[in-house]
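So the protein lines, in turn, are chains A and B.
So the first sequence is numbered by numbering that gives the first Met the number 0: it starts at 0 and just counts up by one.
So the second sequence is numbered by numbering that gives the first Met the number 0: it starts at 0 and just counts up by one.
You may find that some hints are simply not true.
[To be verified] The calculated lysine-lysine pairs, modelled on PhoX-like cross-linking and capped at a C-alpha distance of 20 Å, are:
| # | chain 1 | residue 1 | chain 2 | residue 2 |
| --- | --- | --- | --- | --- |
| 1 | A | LYS9 | B | LYS47 |
| 2 | A | LYS9 | B | LYS334 |
| 3 | A | LYS61 | A | LYS9 |
| 4 | B | LYS47 | B | LYS385 |
| 5 | A | LYS61 | B | LYS64 |
Please keep in mind that the hints were generated in silico from the structure rather than gathered at the bench.
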Amino acid sequence: MVTITVDMDKCQHYGQCCFEADDVFALNDDGQLEYVAEADESRRADIESAADVCPMQAITVK
Amino acid sequence: MAATVLVVGAGLGGLRAAEALRGAGFEGAITVVGDEPAMPYNRPPLSKEALSAGVHVAELEFRRKPSVSDVDWRLGSPAIASDFAARTVTLADGTHLSFDGLVIASGIRPRRLPIAGPEAGRHVLRTAHDAMNLRNYLMPGRTAVIMGAGFIGCEVAATARGLGAEVHIVAIDEQPMVRPLGAELGMGMRSRHEHHGVKFHLGRTVQSFLGGEHITSVLLDDGTELPASVVVEAVGSVCNVEWLAGNGLDLTDGLLVDQAMVVAAEVPVVAVGDIARHPNALFGNVPRRIEHWNIPTETGRRAGASLASLLRGEQPDQAPFAAMPSFWSDQYQYKLQSFGMPGLATSIQIVEGTADDACIVEYSDESGLVGVVGVDRTAELAPYRKQLLER
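Okay, chain A solo, but in the shape it has when bound:
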């Protein structure tokens, strides 16, 4: 299981992560980031990519 944490104090809701793993990260209608905190191990590579491309480096993957 992949565990995802987003530091919402750092997150600026740019949504770059959504393009890497749209099943985990999404911007809602108000433009605020929403995400699921756990994902299947098979999703790890895309989720790590999402963490890589976050301009604020707000995403932690374990």
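Since the structure of chain A is provided, determine the placement of chain B on it from the hints.
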């Protein structure tokens, strides 16, 4: 004996290339050299929250994948020479390093203009060290004169106003950020800055700096004299290519690479990031350097995989390189985000909102949409990005 890779440049591109080498199964030694005495760290905050709050560089470090925990980091001394035939690189401290494969990730530095007058008080913003130095001058009662109205100049202006300093921006351009944004949105951003107290001197250049040991004022080409506690020079960049001289490379505009980020295949050399003049299949494969934050990651991933292939004696993946350029900028409470290459546009249209409020702007050339910029409309940009990917 296993091959050795040398990565010159300890920024984001160097880190991502090292991670991609490991991701592609390269098990040999990796050495990363960097001119700054810091592990790879995130630079965009240097003109924003880190400049505002004085964040320490350690807090800006990128998380590094466990796969690069055995990398040998040699920090604090830049590369000054290289010999591709002998496969060696020389550092400023005299160290000679040999390699089987080389990653060029030495990036850019701020351009300095030859301007008469005192040197003390002239600042640039590229490193965490630069930000800490500059921060000492940004406070009520001080005046910052910023040369250049690009993103860095405008972000520093917004941060400096937030810290209470008086701010002047001097630029030859007709509007701030005019090349990427166009005149109308540039003017919209200018009114936001003016609303926050920034004074613009557009179409102007700096004639000289005045003062004794330290700059006390800046003389413009029209005779205007601006008081100055500090000058911030944000007038573009220069590629760190000097250490590559003598290897028969064209170094006039970074380093030309192919779609696999390969510079030269006979000696396995790849280049990444700001310095790599690379083709992009989304934009006609014309080789361009792109100084956007996402490019070191995209080119680093590709370059690491390519170099791992070359070192196995295999041909790198020749698939087209098609990464979506993207930039963002925070100025005051406003958030700009862009996809594509708006700077290529021959026509610009505001399709939602107005230039001085939340808006979406389409940038097109004769082939169709080439870029999009949103101000405070981030969540609505996804369909435009999709359209750009399908170009």
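Quick rundown of the hints versus the structure:
no. : hint               : verdict
1   : A:LYS9 / B:LYS47   : holds (13 Å)
2   : A:LYS9 / B:LYS334  : holds (14 Å)
3   : A:LYS61 / A:LYS9   : holds (18 Å)
4   : B:LYS47 / B:LYS385 : violated (29 Å)
5   : A:LYS61 / B:LYS64  : holds (11 Å)
Against the hints set out earlier in the document, a violation occurs for number 4 only.
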